[in-house]
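Sequences and hints are given; from them, build the entire structure.
Taken in sequence, the protein lines are chains A and B. Take -14 as the starting number for the first sequence in the working numbering and just add one per residue. Take 3 as the starting number for the second sequence in the working numbering and just add one per residue.
Bear in mind the hints are in silico, worked out from the structure with no lab data behind them. As the structure is a computational prediction, the values presented were derived from the model and not from experiment. Every residue gets a Cβ at the ideal spot worked out from N, C-alpha and C, and that includes glycine.
EDC-like, lysine to aspartate or glutamate: derived pairs with alpha carbons at most 16 Å apart:
{"#": "1", "chain 1": "A", "residue 1": "K74", "chain 2": "B", "residue 2": "D237"}
{"#": "2", "chain 1": "B", "residue 1": "K136", "chain 2": "B", "residue 2": "D81"}
{"#": "3", "chain 1": "B", "residue 1": "K189", "chain 2": "B", "residue 2": "E8"}
{"#": "4", "chain 1": "A", "residue 1": "K74", "chain 2": "B", "residue 2": "D76"}
{"#": "5", "chain 1": "B", "residue 1": "K13", "chain 2": "B", "residue 2": "D24"}
{"#": "6", "chain 1": "B", "residue 1": "K140", "chain 2": "B", "residue 2": "D237"}
Take a look, some chain A residues computed to stay more than 10 Å from chain B by CB distance:
{"#": "7", "residue": "S(-7)"}
{"#": "8", "residue": "F(-6)"}
{"#": "9", "residue": "Y77"}
Here are some of the chain A residues that sit facing chain B, going by a computed Cβ distance under 7 Å:
{"#": "10", "residue": "D27"}
{"#": "11", "residue": "A30"}
{"#": "12", "residue": "L33"}
{"#": "13", "residue": "L59"}
Chain residues, written in single-letter form:
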Amino acid sequence: MTKSNPLSFEERADKVQKNLDSNVSLSVGPSFKTMAYQTSADMIASVLVGCGLGFVVEHFLSIKPWGMVVGFFLGATAGLLNVYRRLVKIGYGFGK
Amino acid sequence: MHSPLEQFTVKTLIPFHIGDVDLSFTNSSLFMMISALGIFFFLGLGLRKPSVVPGRFQSLVEMAYELVSTMIQDNVGHDGKRYFPFIFSIFLFVLFGNLLGMIPYAFTFTSQIILTLGLASLVFIVVTCIGFIKHGFKFFKFFLPEGAPLFMAPILIPIEIISYLSRPISLSIRLFANMMAGHTMLKVFALFTMLLGIYGISTILLNTVLIGFEVLVAFLQAYVFSVLSCLYLSDAIHMH
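The following block contains the structure:
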């Protein structure tokens, strides 16, 4: 006598597929901790580059301090965009 | 008492100047040379007598090869195979630099931001050149996301350019910060051992665990550096 499984074949296949998907997506980074390090480095780097470019622009166009002010906000936005893209890549994006 | 940051001092071993440019041979240069020689002997000796059933040394070399080969295959695809030597060299150089730094009294050259920034800039320049060679001026499309309305371009293009330029900075900060923080932490706990006398045994135990953790970080950071190089390469080749 065979024991009947409470889940249908489709349900079990879905479950396996979900597990597979989550494993594949997690393999982007070695662990969440490493991912957190990477994300923070991304944000810091974007703000630094934004401020740096702003500093160069304001120096050459003599528009102190607006270059750095705008550069900071653009850099911070770019940093957030990088974080968002990283989240989308591992399946945590908004609306996914 | 030594400062925990003293281990990162670059010392001149053989002074050498051309005009105003200081090209002295430093402890950093020495360990870079040791690392390069280490890679040379690691690969050379490992494949000296290649056999179908590999010995211990040969399988170590094959494991490193397989790791980078799979990494390129997974992240870049078939087109990435021709850039294997580039990624493999970077991976081994960073790995040997990180691991050499774990030997007592050795100098960790990957904890110097000038070196990590140099390596990251090399990756950045090579990847950008590949993008331009593959796609020509279409590569500029990279800076305006597909489907974005045109009136948003004045805001989106600077953001995308900053995001693109931040890649070498984030790549270099990550490696440098991890190596520097780890080594400083080891020194700080070693200092506690000296200060605590008999109770210092507790910090010795902690430091033993931390050294194991640092070896893991050494591998992980070399891996992360090459994986991200692969991802940037994939962006340049496939334009997404």
